[in-house]
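Asker: Listed in order, the protein sequences are those of chains A and B. Counting in my numbering, the first sequence runs without a single skipped number right up to 346 at its last residue. Counting in my numbering, the second sequence runs without a single skipped number right up to 505 at its last residue.
These aren't lab readings, by the way, just hints derived from the structure by calculation. This one's a predicted model, so the numbers in the text were calculated from it and none came from an experiment. Every residue, glycine too, gets a C-beta built ideally from N, C-alpha and C. Incorrect hints may have been included.
[Said to hold, decoys possible] Below, a list of computed lysine-lysine pairs in the DSS-like style, where the Cα atoms sit at most 27 Å apart: (1) A:Lys339 / B:Lys132; (2) B:Lys343 / B:Lys331; (3) A:Lys339 / B:Lys275.
[What the hints assert, rightly or not] Computed spacing ranges between beta-carbons, pair by pair: (4) A:Gln121 / B:Gly368: 42 to 52 Å; (5) A:Cys197 / B:Lys312: 48 to 58 Å; (6) A:Lys339 / B:Ala328: 16 to 26 Å; (7) A:Lys339 / B:His107: 33 to 43 Å; (8) A:Lys339 / B:Ser177: 50 to 60 Å; (9) A:Leu269 / B:Ser177: 33 to 43 Å; (10) B:Ser118 / A:Ser310: 46 to 56 Å; (11) A:Ser303 / B:Asp278: 44 to 54 Å; (12) B:Val71 / A:Ile120: 41 to 51 Å; (13) A:Leu139 / B:Gln72: 39 to 49 Å; (14) A:Val26 / B:Gly368: 52 to 62 Å.
Listed below are the residues making up each chain.
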Amino acid sequence: MTRMTSWVGRNRGFTGAFLLFAALFVGYQMMHPRGFSTAVFIQNANESVVIGFLAMAQTVPVLMRGLDLSVGAVMTLTNTIASHVVTGSPIQQIVGMTITLAAGTGFGLMNGLIVVYGRIQPIIATLATGAVAGGLALLIRPSPGGEISSDLNWALTNAVFDFTETLGFAQDGTAAWLQPIANIPMPLIIMAVFGICVWVPFKRTVTGRTIYAVGSAEGAAYMSGLPVARAKIAAFTLAGYFAACAGLYLAIQTSSGNADINQAGAYTLNSIAAVVLGGTSLLGGVGGAIASLIGAGILRVISFYFRILSIDPLMQSLIEGLVLLAAVSIGALRTLRVKNTLELFR
Amino acid sequence: MPAVTDIVKLQNVSRYFGGITALKDVDFSCRAGSVHGILGENGAGKSTLIKILSGVLPPSEGQVLVDDKPVQYQSPSQAAKDGIVCIFQELSLIPDLSVAENIFIDHPPRRFGLIDASAQRRMAEKVLARIKCEDVDPDARVRDLSLSRRQMVEIAKAISKDLRVLILDEATSALTSKDVETVYGLLEELTANNVASLFISHRMQEVEALCDRLSVFRNGSHIQSFDKGDLTEGEIVRLMIGRDIEAQYPPKPPKAEVHQPALSITDLRWEQSLKGVDLSVGQGEIVGLGGLDGQGQKELLLALFGVLKGVKGEVRLGDMPFIPTSPAACKSAALALVPEDRKTEGLMLSLSIADNLLLPNYKAVSRGALIDTNRAAQEVDAAIAKLQIKTASPDISVETLSGGNQQKVVIAKWLALNPDVILLNDPTRGIDVGTKQEIYSLIRNLASSGKGVLLYSTDYAELIGCCDRVSVMYDGRVVNELSDDQLTEQALVAAALNIQSKGVA
């Protein structure tokens, strides 16, 4: 129990974000005219996957005190790639998905190599490569389109039951062992398998820890003999991978690809907002990708409210901005408790 | 007595930085099972030497031999693989990671390829117990520890590895007396295990007490190596600075009858750290703050400089009541603080010397809204001359200066404001003997010109040599005040441990 309380003490940002998310989400479900239902939950989950993956993508470079301005564009690029290659037989589709993820990961690797060996600051390096990714996306898909199978779309954007039914195993989803999880939305499973199950072990590798160390004190990390260059490259590579997950899911969700540059930019900025909302410090060293998932959740729930409160669409952007500002300010409240003002600058 | 074997040897090693020669044709070796002291003023090449030994810098010429085999280290981790580990003066800990994570940062215990956090915590507890730091929580973030605890964690990190050569660069400068004892014991233990320790310290007594072999460096050259006892302290100091030095501390003036008060503090309280401090500093007086580390001395200085919020109690500057609300307010009230950590709180390392000197003084050198460059240049030249800052030009960045000269810049930038009260937080930490002396006489001169000086130092000799009076703090209070004949090392130690016997003088 004391270990639990001391954990909370050391992770105030995460705990605060989690409580805020829980409060907003429960409030939303209670105000929803139809109450809590699987259909609404699945829809909510679907709408959160892309920003969730992008928030995770953004977290890794932020942890080592760099921003990745290309995550949105890499999502768009992989989205257009997926719209070409994720077609045909199931095997071909799986190969296509692998190609898509590999493309995004490779793009992230390139970002890392440019930052480390080109000795360019991350923010400007990724601004440039982000534009390149957007340009490539336009070449690949000058106008929206693509033939991603509607079966795949159906299987991955609904509940576990629909997934097994579409793929025809577990007795078409009626097997007794499946029932406890049959109503869990597939998007959440995807998030867990391709996001959390990658991040959690990664965080416990020396490379993962080095990312935290570099963000906290790069000089000390080097002097401690940590693989600083490898960690930086890994951070951007992992960002590319998560961004590709977002792009791939977006393609499956919309059954098509669309080189929408404006959307890419908006998603990049929202990914930064989600990271901050989750309690990850833009100064590096503190936070994590799970926290950013919570941050992304907060962002999404705020927009869900617009739907049930029937707020004038013209007002939405204004309100979204104010709510975001207020949410971030909660994190700044801690500074009121600081009795040694020197701590504020550390 | 183990067989005498040289673990590390340098042959004709030189190192250049641009046009500057930091090390010149150095031959050097250190033996297994010995504690080897390296002496020299700042800028003598000691730091460059240990950076080459520990793989931070490659030599420009010459070669490094480990076990008689030439090596070319590209990074500190390669040197660590051969058992050469350095505890750097600039701490190498990661503030946002936990103590346990820091200790095993580059060799964590793993299970299935992943870091095993609970094994790591257990191992960290063991290492910490070995250096008597059971009070440090392995899960605590390093950021939340005091400087002396961090230094001990740094030592724990070094000894958690397979050591053959341990390099301590001013590693005891921030430690409390108790920790220093622990480190002495540890060095003995390591020596018995045939580890070679290289010990760099500006505290002569420490070097005398610990080392069995000494090497003196001056201006990048290895002057001489000798066994302890071969030369007297005076001879060693002469070798270091190439000239004789007079008494280390400037003479104290005869005691004035009554000092006009410059700063008086009554019942100052803050959180758990200050529990009713009463203290006064007179004009023309140097008052020392003594005691064990972490008894509220640093908090007292920060409270006086308006850094802490929620401070209760009364502060008077001269005759006027004064409420320190922020460093800016203190500046206008003619109160200056030379902070503990010059690299983060004292200086903008990447800015030029001139910019650093002018930082608190822009108002004085401005005409209207604009900075008058002529007046600024005059101001800068005056400050450089007054403190004898050794630099080719005021326009080069502060980080290129040696530690002692950096500290002079920190002091100089406040002096232009002509403050009435000057607070100094361990101003001679990690500074060479020659510069220390210059700072001591500077402090004395300030006092003689009527300023009140409050000096916190972890070095008892410094408090005794420099101060007119010493207020000893214990658990957030001033428990004793020593002056004149009472001001002895024994009395200071007794008071620091709060042994209440007036007779110990």
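Asker: For every hint, state whether the structure bears it out.
Answerer: Comparing the hints with the structure gives:
Distance restraint check for Lys339 (chain A) and Lys132 (chain B): the Cα-Cα separation of roughly 30 Å exceeds the 27 Å cut-off, and the hinted pair is therefore not satisfied. Restraint check for Lys343 (chain B) and Lys331 (chain B): satisfied, since their Cα atoms lie roughly 20 Å apart, inside the 27 Å limit. For the given pair, Lys339 (chain A) sits about 15 Å from Lys275 (chain B) by alpha-carbon distance, which is consistent with the 27 Å threshold. A hinted range of 42 to 52 Å for the beta carbons of Gln121 (chain A) and Gly368 (chain B) is inconsistent with their spacing of about 37 Å.
At about 53 Å, the CB distance of Cys197 (chain A) to Lys312 (chain B) agrees with the hint of 48 to 58 Å. Hint check: Lys339 (chain A) to Ala328 (chain B), Cβ distance near 18 Å, so the stated range 16 to 26 Å holds. The given range of 33 to 43 Å is respected by Lys339 (chain A) and His107 (chain B), whose C-beta atoms sit roughly 38 Å from each other. For Lys339 (chain A) paired with Ser177 (chain B), a C-beta distance near 28 Å fails the hint of 50 to 60 Å.
Remark: the range hint 33 to 43 Å for Leu269 (chain A) to Ser177 (chain B) is contradicted by a beta-carbon distance near 54 Å. The hinted range of 46 to 56 Å is satisfied by Ser118 (chain B) and Ser310 (chain A), whose Cβ atoms lie roughly 52 Å apart. For Ser303 (chain A) paired with Asp278 (chain B), a C-beta distance near 59 Å fails the hint of 44 to 54 Å. Distance hint for Val71 (chain B) and Ile120 (chain A): a CB-CB separation of about 33 Å, inconsistent with the stated range 41 to 51 Å.
At about 47 Å, the beta-carbon gap between Leu139 (chain A) and Gln72 (chain B) stays in the expected band of 39 to 49 Å. Between Val26 (chain A) and Gly368 (chain B) the beta carbons are some 59 Å apart, a value that agrees with the proposed interval 52 to 62 Å.
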